[in-house]
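Novice: Those protein sequences? They're chains A and C, same order as listed.
My numbering puts the first sequence at residues 1 to 494.
My numbering puts the second sequence at residues 1 to 146.
Just to be clear, a hint being listed does not mean it is correct.
Straight-line C-alpha distance at most 30 Å; calculated DSS-like pairs for lysine-lysine [to be verified]:
1. A:220 with C:129
2. C:40 with C:124
3. A:266 with A:236
4. A:220 with A:236
5. C:124 with A:266
6. C:129 with C:49
7. C:49 with A:266
8. C:32 with C:124
9. A:266 with C:129
10. C:129 with C:40
11. C:124 with A:220
The following residues of chain C were derived to be distant from chain A, with all beta-carbon distances above 12 Å [unchecked claim]:
12. 70
13. 73
14. 137
For the record, the hints were derived by calculation from the structure and aren't laboratory data.
Glycine included, each C-beta is placed from N, C-alpha and C at the ideal position.
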Amino acid sequence: MDRRQFLTAAAATGTAGLIPGRAFAQIAGDPINGSFEAALKERPWLVGLQSAEGDREVGSLQVEGRWPAALRGSFFRNGPAKHDRAGMRYHHWFDGDGMVHRYRIEDGTVSYRARFVRSPKFVAEEQAGRFLYDAGGTRIPGARGGSTAELNVANTSVLPVGDSLWALWEGGSPTALDPVTLETRGPVDLSDALKRAPFSAHPRVGSDGRIWNIGMLGSKLALYRLNARGRVEGFKLIDVPEVGMMHDFFLTERSVVILLPSADMKGSGESFFGMQRSRRDLPMQLIVADRETLTVTRRAEVPSGYWFHGGNAWEERDGTIRFDVCLLPDATIMNRFRAFMAGETRHAASDYAGTTLFTIRPDGRVESRRVAGHAEFPAIDRRFGTLRNRYVYSAEKHQGHTPWYDSVRRVDLEGGSVERFTYAADHLVEEHLFVPRPGSTREGQGWLLGTTLHWPSRRTMLNLLDAERLADGPVARAWLPMPAPLGFHGAWAA
Amino acid sequence: MKPLHLLLAIAAASSTCAFAVAPAEAATLTLKLNGVRSDKGAIMAGLMKADAAGGAPTRVRGVSEPARPGHMILSFDGLAPGDYAVMLFHDENGNGEMDENAFGIPVEGYGFSNEAKASFGPPKFGEMKVTVGVDRRVETSGTMSY
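Input sequences plus hints: build the corresponding full structure.
Specialist: Rendered as structure tokens:
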């Protein structure tokens, strides 16, 4: 029995009281911490998985190239940024407390601000100087129990709503922030009956500004429809097989489209994520609901798979639904992130998703076509969201200098061509969003805006590429004087 | 994952089963409850007993005490030997129910014996378990979560 097992067992059997102070368990350290620190010395790009020290403010970033005068707005990003406290390192990338970053672009300059979301958990743990609660992927020795309000780390995505910016998690409520100062206003109760309810991190916004989302708890899947100001107008719970975390869904002009991955929650791994288990023997379940009434209109089975992110969906007059998914062969990736947090960088083909285009016919027949390459973090020109779109942008692992993404690409779904830009080998590529060029109307007229981590200099860079000339590389860049921990998702607000 | 609300609803049901134990073998289970955040309403506690034959635990008693901030002591006396668990909630608005959201997630405070905790799902009976044997007095503690 190693030290960690002993301490966990001691806590479980109530003998923890024999050890002076529960903090001992964390001060004594955790094997993950040591192995990560050792790996970081050999693979300095792992700097992206270190914690951020605190809030940040940089008045004017060092820029290269020319930031177009027409590009004016705020680029927000969210991601886990507190991975360790008091010698205890989280075992899963998804666990860390959320930090929201704001890059303000105007008149050719870029300013930067980043703040940890002051969730109840963050505030309590900051005060205690150690982790107090279990996380989705980590059991903390001597942890307190926690409600979804107390466990919420608000670390996954952001959504501008009304005069707020919502920091989103999956297992609980949105957290409202001030979109300028990034100060935390507090949890958003969507209604009395929806306090603390799971609200996922990939809401879909219709062309009229209304917001749809899902929420998953056990075998209950919630469908939400909100008005543009964030008030709930429709809510429905449907019973589904228990698959664990489901990250994204689709919206068409008529329907909400759910694709349940091939997984169950009967695993015996650590904490909540550890229960998720691949079920390659099961198909994915497709559930289509009317987006106004939220009632289920049809179901279909899709060959086995797993996914985090999709680009867009649209529906044809006869009811044919088409969508693109970054498809993984199975759910093993969910718990492979544990090795990644420990600094282990061996990787398998099953760790990488490939853009896959699905067609669901009205009679339930399913066709699919896969685009070559390893792609994640899909983005589209949102003016064409829910409509037939031609382009899907994504981060791509093309060269493979590290296990991380190194390129951005545009796939033409009609012509089949792929255009890409591969960053220098010492950059890790994060999500790039499409930002439309003001005054333009044609799909694809705009920029890709996204961050890369330049690991040798330990700095994050904001990059702007002409979305119609990706291969030319960034037309403008702005350097942070520090690294931003590798994060998840962002939003653009003009 | 069994929804937490089902367990707590069972624990808090207001009716009490008849429960008779010969005084000679009766023990008292005392629970020290920490972290009660206000004096509003009541702490509702349900005592569950394991089924010696391996079936589902059953609720054998319920108590309600006016809430007091900080620590509270709750006792269950006259218990026969066996494995027990206590599940509690803080009925702050005094409506006699554990309020929950549309998913069945509690929106009032709750706690469990043996410092068992709910995080990403309710604790298992074994985590809340307190064994009452030949000792006349058995102690456990729990901490409220809000």
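Novice: Could you run down the list of hints and mark each one as holding or not?
Specialist: Okay, the hints, checked on the actual structure:
1. A:220 with C:129: Holds, at about 28 Å.
2. C:40 with C:124: 29 Å, holds
3. A:266 with A:236: Satisfied, since the Cα-Cα distance of roughly 26 Å is no more than 30 Å.
4. A:220 with A:236: 10 Å, holds
5. C:124 with A:266: This hinted pair holds, its Cα atoms lying about 15 Å apart.
6. C:129 with C:49: 9 Å, holds
7. C:49 with A:266: Between residue 49 (chain C) and residue 266 (chain A) the Cα gap is close to 26 Å, so the pair holds against 30 Å.
8. C:32 with C:124: Holds, because 20 Å separates the two Cα atoms, which is no more than 30 Å.
9. A:266 with C:129: 23 Å, holds
10. C:129 with C:40: 28 Å, holds
11. C:124 with A:220: Within the cut-off at roughly 20 Å; holds.
12. 70: Answer for residue 70 (chain C): holds, closest chain A Cβ roughly 16 Å.
13. 73: 18 Å, holds
14. 137: Holds, because the least Cβ-Cβ distance between residue 137 (chain C) and chain A comes to about 17 Å, which exceeds 12 Å.
Of the numbered hints given earlier, the model fails none.
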